[in-house]
Amino acid sequence: MVQATTEKSSYRTAFDAMQSADEHALPAWVLRLRETAMERFEHIGFPTTDVEDWKYTNTGAIAKGAFAPVAAGAGEELSAGDVGAFLAPEASSRLVFVNGIYRAEFSATENLPAGVVVADFAEAFAGEHESVLRSYLARPSDPETDGFNALNAAFLREGALVYLPKGAQATRPIQLLFLSAPAAQAAAVFPRVLVVAERESAATIIESYASAAGESRSFTNAVVEVFVGENARVMHYKVQRESEAAFHIATTNAKLERSGVYDLTTITLGAQLSRHGIGVRLAHEGAECWVDGLYLVGTGQHADTHSLIDHSSPRCASHQLYKGILDGKSRAVFNGKVFVHRDAQQTDAQQSNKNLLLSNEARVDTKPQLEIYADDVKCAHGATVGQLEEEELFYLVSRGLHTDLARNLLTYGFAEELVEKIRIESIKQQLDEAILNRLHARLEV
Amino acid sequence: MLEIRDLHARVEGKDILRGVSLTVKRGEVHAIMGPNGSGKSTLAKVLAGHPSYEVTGGEVLFDGKNLLELEPDERARDGIFLAFQYPVEIPGVSNAQFLRLAYNEKRKHLGEEELDPLEFKDLLKERAQIVEMDAALMSRSVNEGFSGGEKKRNEILQMAVLEPKLAVLDETDSGLDIDALRIVSEGVNKLRHADNAIVLVTHYQRLLNYIVPDYVHVLYKGRIVRSGGKELALALEEKGYDWIKDEAAEGQPSAVGA
Ligand SMILES: Nc1ncnc2c1ncn2[C@@H]1O[C@H](COP(=O)(O)OP(=O)(O)OP(=O)(O)O)[C@@H](O)[C@H]1O
Ligand SMILES: [Mg+2]
Numbered sequence: 001m002v003q004a005t006t007e008k009s010s011y012r013t014a015f016d017a018m019q020s021a022d023e024h025a026l027p028a029w030v031l032r033l034r035e036t037a038m039e040r041f042e043h044i045g046f047p048t049t050d051v052e053d054w055k056y057t058n059t060g061a062i063a064k065g066a067f068a069p070v071a072a073g074a075g076e077e078l079s080a081g082d083v084g085a086f087l088a089p090e091a092s093s094r095l096v097f098v099n100g101i102y103r104a105e106f107s108a109t110e111n112l113p114a115g116v117v118v119a120d121f122a123e124a125f126a127g128e129h130e131s132v133l134r135s136y137l138a139r140p141s142d143p144e145t146d147g148f149n150a151l152n153a154a155f156l157r158e159g160a161l162v163y164l165p166k167g168a169q170a171t172r173p174i175q176l177l178f179l180s181a182p183a184a185q186a187a188a189v190f191p192r193v194l195v196v197a198e199r200e201s202a203a204t205i206i207e208s209y210a211s212a213a214g215e216s217r218s219f220t221n222a223v224v225e226v227f228v229g230e231n232a233r234v235m236h237y238k239v240q241r242e243s244e245a246a247f248h249i250a251t252t253n254a255k256l257e258r259s260g261v262y263d264l265t266t267i268t269l270g271a272q273l274s275r276h277g278i279g280v281r282l283a284h285e286g287a288e289c290w291v292d293g294l295y296l297v298g299t300g301q302h303a304d305t306h307s308l309i310d311h312s313s314p315r316c317a318s319h320q321l322y323k324g325i326l327d328g329k330s331r332a333v334f335n336g337k338v339f340v341h342r343d344a345q346q347t348d349a350q351q352s353n354k355n356l357l358l359s360n361e362a363r364v365d366t367k368p369q370l371e372i373y374a375d376d377v378k379c380a381h382g383a384t385v386g387q388l389e390e391e392e393l394f395y396l397v398s399r400g401l402h403t404d405l406a407r408n409l410l411t412y413g414f415a416e417e418l419v420e421k422i423r424i425e426s427i428k429q430q431l432d433e434a435i436l437n438r439l440h441a442r443l444e445v
Numbered sequence: 446m447l448e449i450r451d452l453h454a455r456v457e458g459k460d461i462l463r464g465v466s467l468t469v470k471r472g473e474v475h476a477i478m479g480p481n482g483s484g485k486s487t488l489a490k491v492l493a494g495h496p497s498y499e500v501t502g503g504e505v506l507f508d509g510k511n512l513l514e515l516e517p518d519e520r521a522r523d524g525i526f527l528a529f530q531y532p533v534e535i536p537g538v539s540n541a542q543f544l545r546l547a548y549n550e551k552r553k554h555l556g557e558e559e560l561d562p563l564e565f566k567d568l569l570k571e572r573a574q575i576v577e578m579d580a581a582l583m584s585r586s587v588n589e590g591f592s593g594g595e596k597k598r599n600e601i602l603q604m605a606v607l608e609p610k611l612a613v614l615d616e617t618d619s620g621l622d623i624d625a626l627r628i629v630s631e632g633v634n635k636l637r638h639a640d641n642a643i644v645l646v647t648h649y650q651r652l653l654n655y656i657v658p659d660y661v662h663v664l665y666k667g668r669i670v671r672s673g674g675k676e677l678a679l680a681l682e683e684k685g686y687d688w689i690k691d692e693a694a695e696g697q698p699s700a701v702g703a
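Residue numbers (the working numbering), protein chains in the order written: chain X, 1 to 445; chain F, 446 to 703.
Since the hints were derived computationally from the structure, they do not count as laboratory data. One or more of the hints may lead you astray.
For lysine-lysine, the following BS3-like pairs were computed, each having C-alpha atoms within a straight-line distance of at most 27 Å [unchecked claim]:
#1 X/LYS421 x F/LYS566
#2 F/LYS610 x F/LYS470
#3 F/LYS666 x F/LYS684
#4 F/LYS566 x X/LYS428
Make a model of the complete structure from these sequences and hints.
What follows is the structure, given as structure tokens:
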């Protein structure tokens, strides 16, 4: 299972340098956590296709990719104007990271309601919220089982903390932007996000990944953890539109307390290889989650979504809708598992994955799974893979629409259900454009 | 305007049209009747250019052009319109958006300025009155969840927006209630003028009371076996198709179409 030892040693070299540089700057628990994680990574390595969960997604190119961890100094020439193109205007506060490094000059954290913290880790480690980080990040009893997660933990340094104390309502969205910029040696970056929403609080998070320059090669390995307290509500958008030369590996884990609500929408447009692992744990009664997403890929792109919705308490509900649009020679993987524990009576779990293949060379492997140990549940799941309907296409062209436009319109129609759900206008627009531009059309309504 | 000569077509390897000839001139209304499965919708779809139907013989001229050489979208932009017997539902595509795109495609084809969404909204409102179409149906997805009658009405709304030269209405009357039939028929009559033509496919004489045809044709087993004036429809209403079928079986020559 272990591969690419030469690369690993380059991670080790960078790791050792980072550890000694941070020796006096960071709390000891961080250094220890990183050391444990690095050892863990060296033990398990990058996953290979022998591992069931990675059967369809070969990460060999990452292992062999000669990426340089912690590429300090890269992207310094970026101006506020360059960054501006990637900002969601709806957000009133934001943290911006370029090649994994926090950039205060592009960030804004002034406009927050009382008590709400949006801070980069360096600030958080040094301040009063260090204990929040410690209690949520340091979990020695919980060793990483995934090489990417272990590597992310090994390079834990830069990241974003969003902390909502009891009852805090962050009405305007908070954006966390991770930009990749061209570097002398392609960068490996390890974003880490911790969202702690205490009881009765509410927030909307926009997590964005993009490449500042067209075709830059980079490796992003992100881990995001969201803790949704009792009656708290977190809306979470993840928008990935990195360059088509990029590698993007991300994990999103959420844990919901009693009657907590978590609504995740993921948009995957970029990267040559992307993998998003999602784990949502409905840990206490009455919690409810939406886990929806759209992946839109073309020639040379591979998008993999693996999700696990874990119903461990009674009367929780989960709704999952993933749609995929595959054009050219592209590939997508969807593996969604809903696990209903024996005690999780009156679970309501819905899961659906629908794929639209726009070319004969596109391929999708979809596997929705239900594993149910409770007897009083309402669960449904399904997956479809289809092409544009000939009769629908004929209907449109018989009204004078050129075939290309008709195809685009139908493709748009396929995605509409998800586009409609998005409450952030700028994301919606980006998505409209992505769907229509990719398919070379214009449509204004 | 339309000249169909000895048209043969097949679908799924089955010969459906077996020598249809029909001439339609500007300003005329033709009704095509005939038993189920005789090939009426097939004829309509062949004219519209449906890819599943293969033309195996004959020719079709539209304003002197070889229609069969044109792609379906070109035919539409040139002024052919088919109101479908079974309009499809298109989830996620709004009716108004679709209509505007179709309308603008046609404007561009004619070298005219496209309408922006606001301008088009006014036009759509005006045209919707012709068929008394509920405004709420505009913002919904094309035909999705529409009742049978609403779908048919939507077809005629499209006709009202696109103003075709030749409209083929395939059983637009089926599924319409009595009031809707009157409203939609009156709408079609409003859209009629000396420069366009209408081909109505119908099973019922009732429609022809509203939209009075110049000619009535009976299609049977892929051929027009009888043509006449509007009184032919009355005769069919009264006597059914048996006598026509008998005649056809006996190989009697039928009256030649218009
Ligand atoms: N796509 C198709 N695939 C297979 N058979 C078809 C197809 N379309 C039409 N047919 C067959 O061709 C024949 C003529 O069908 P068509 O729909 O043209 O009849 P019609 O005259 O419109 O009938 P109706 O009055 O019932 O609408 C029928 O036997 C029908 O089953
Ligand atoms: Mg028919």
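Evaluation of the provided hints:
no.	hint	verdict
1	X/LYS421 x F/LYS566	holds (25 Å)
2	F/LYS610 x F/LYS470	holds (11 Å)
3	F/LYS666 x F/LYS684	holds (19 Å)
4	F/LYS566 x X/LYS428	holds (23 Å)
Every hint, counting from the list given before, is met by this structure.
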